[in-house]
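*Asks:* Keeping the supplied structure of chain A fixed, place chain B upon it in accordance with the hints.
As you go down the protein sequences, you meet chains A and B in turn. Residue numbering for the first sequence follows my numbering, beginning at 1 and increasing consecutively. Residue numbering for the second sequence follows my numbering, beginning at 1 and increasing consecutively.
Cut-off 35 Å, straight-line C-alpha distance, at most; resulting in silico cross-link-like pairs (DSBU-like, lysine-lysine): (1) A:Lys30 with B:Lys175; (2) A:Lys116 with A:Lys16; (3) B:Lys180 with A:Lys301; (4) B:Lys405 with A:Lys86; (5) A:Lys16 with A:Lys86; (6) A:Lys88 with B:Lys167; (7) A:Lys30 with B:Lys403; (8) B:Lys267 with B:Lys403.
Since the hints were made in silico from the structure, they are not lab data.
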Amino acid sequence: MSEKKGLARAAEIYAKSEQYARELKNQGKKIAGYYCCYVPLEMLAAVDYVPVRILGDMNENITSADTYLPTVMCFFYRSCLDLAMKGKYDYLDAFFGAHSCDGAERVSYVWRSYLKYACNFNIDIPHTVHPPAIEYFKNQLEAMKETIEEKTGQKISDERLAAAITLYNKQRGLVRELYALRKADPPPISGTEVLQVLVAIMYMPPEEGNALLAEILEEVKNRPVTAQKKPRLLITGCLIDNISFTKLIEDSGFNVVMDDTAIGSRSFGHDVAVTGDPLGSLAERYLDKIVCPRTFRETGKNRAEDLENRFGYLRKFVEDWKADGVYLNIIRNCDPHGYEIPELKYYFEEMVNVPVLAIEQDYSTASLEPLRTRFQAFAENIE
Amino acid sequence: MEEKKAKKRTSAKTLQTAREAGYFGKKMLANTRTAVEEGRPVAWSMVDWWLGVPICKAMGVEMVFPENWSAFCAASRTAEPNLEYSEMDGFPNTLCGYARNTLGYARKLKDNNYVIPPDSPGGGLPKPNFLLGCGAVCDARYKWFQAMGRYMDVPVWMLEFPQVGYKEYYLPGNKEKTIKFLVDELKAFVAFLENLLNKKLDMNKLSELVQIMFQTNKIAHEVDLLRKAVPSPMVSQDFWAVMTAHFYLADDLEAQAFYQRVYDEVKHRVDNKIGAIPNEKYRMLFAELPPWHTLGFFDEMAEKHGIAFVFESWNYHVPSPLTAEERHGISDPLELLARFSYHKFHEMAPVAREHDIDPIIFVAPYLNYVKEYRGDGLMGHPLLSCRPATYTLMHVRNLLMEKFKVPSVIVEGDIIDLRVFNEEEAYTKMDAFIETMDYHRELRKKAGLDW
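Chain A on its own, in the form it takes in the complex (with noise of 0.2 Å):
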């Protein structure tokens, strides 16, 4: 790969992501994928495993997924298996899957079934944010740390622990200084160039990462602001993990300044305590921390209040990033957040008079065109 600097080389590792887990390879790195952003990093960095986050592909058809898995199942899980089974992500030295939500469990179990791996373990994350079920997450990420333990033959100490916390916990704050300089308007930065870097720091060795994002930090406070004013929108929902999509969007008027997803400030968004009980801390960040309506809060007295516990940090986004309006994106058949549209919808447009376009969508370049006009409309609408 080049020697680019910043976001030209975040675009670089961001098209060519296999190409440079395969270099990483090559050198003699251990490659550890993982789903969602429920598994603690912390714990593959501290036994030096490069962790690389498993995303599918909206460019390539769906065919080997289908001797698998059913095709009315969630999209972006089919293709995460479609190009597992293609020999994609033949590099992973180790697997990690997640409970993230049905789609995640499932495959996760149907992939681990298939494809074997010298260091495997899926999590179970509970529902709740309840006591003891942070506990019973504690004692999973325990379990986690003795498989990876046994099988790399390394141990995970407290010591290495907690340095790779402070490393994460650096790259989460040097991504959210990024998201803060989103807050002017225009901003000085796309969501399209804001995905490619996030896509390429979850393939890069940590170290490197947060070396890229000061690199990035630097330029975009210091270069001249090209963007225009257009509605500012707040994308909430399912993970977007190809610039297509983000382009489309902004091709159709607007300017995207803050996300709600599983890829952007869901994974980056609070930091883990630095405290004298690492796998504590570890699961009151990845557990409590992480707002996604795969999460129950508790309902509260009413429907207002519930409406609160659910919703209220986006409004918090909405008025700090001085969001016109919400994208609420539901990739077809994912049940969290398509159980959430109504309620989402009213919160916003009644009780925060903020205006959201809700789409499903199939997970597919191929598709995305018909949606710009929609885009356009709401753009229109907003302004």
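*Replies:* For chain B alone, kept in the frame of chain A given last:
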């Protein structure tokens, strides 16, 4: 032109007890309406594999299950208006059919000031005091009830329900830590109920209900064991009718007595070598949730091809009873509940380990069933709107073929939405599948498999 024979929608059922079983669904619905009239609390609950429902019953709460009611709506073909209501309110049509049916109904209930609309199927569900979701099996199991807040404005409790892979199951200490988690969560649930209902849980009453539930499920398990007989004494059409008694009312003595009668009737058939269908030629398994609206399909298959659907639907079946060793020294009913529900979901871990496959739920059981029940084939029923019962069907199909040379036929449909079940295509596929089963019987013989 020869007039085409009209297809039967409902199943004829072969057991007398199966023909009587509809009573229990009606009883649940009637009990909840009576409770509301008498000022007693009512809850809508997700199926939770006996984890939290006995606690509610011990607290004097009448329980009703929207899943069960929605299956009734599907069978009586009365769900469509509710589905349309939920879609009008913005719920995607890709969500669970049961959920959309109930969400549509809940909206009608709210619009009618919580007076049950007179045209409600089965007399309808009254407004609950709370909603009981559950983390087992599917995201819909709690997201659906959370979404119901839009109409019901009552508290929702989410029962935690851990489910792990076989490798994790066998990690030292994992099981006991998980049981402790379940017990801690049940204690929190009890505190929630006591606060909501302003009364204390009677632990003696709960213990009594747990013992009734264990006994009912023991009988149900024994019925399952009897079904291994050749010819099959009880087919899926019968099971889907009688299951209401153990699945929803296992802690009810009337249901228990009923299940004893089911056992007696099935035992009589086994002892006298009476098959549920005449001329049983093929023994098939069914996965996972049936097309409630078209159960007559299975009678047609029996009549036309001699197919007995001998076992089915892992999720509806009881596990084996807890062993004396597992129960030894445990008197806390909360722990007994936790152990039993955990057992249901992890009982097949040894099968998963034997074959080095996952998940334990929905998949490993079929690797067991196919041998125990001598299955010639599997009918997989991918559902448009129930992904958790669908995700692993192709995986099961692959494994049955790879491990046992047992073929599968895949017929797409839905639990509730008539619009996606193509009956003609289903019949055509099954017709063609007969030859496939014949061919694989020969292959199994050559491979030394004993069925």
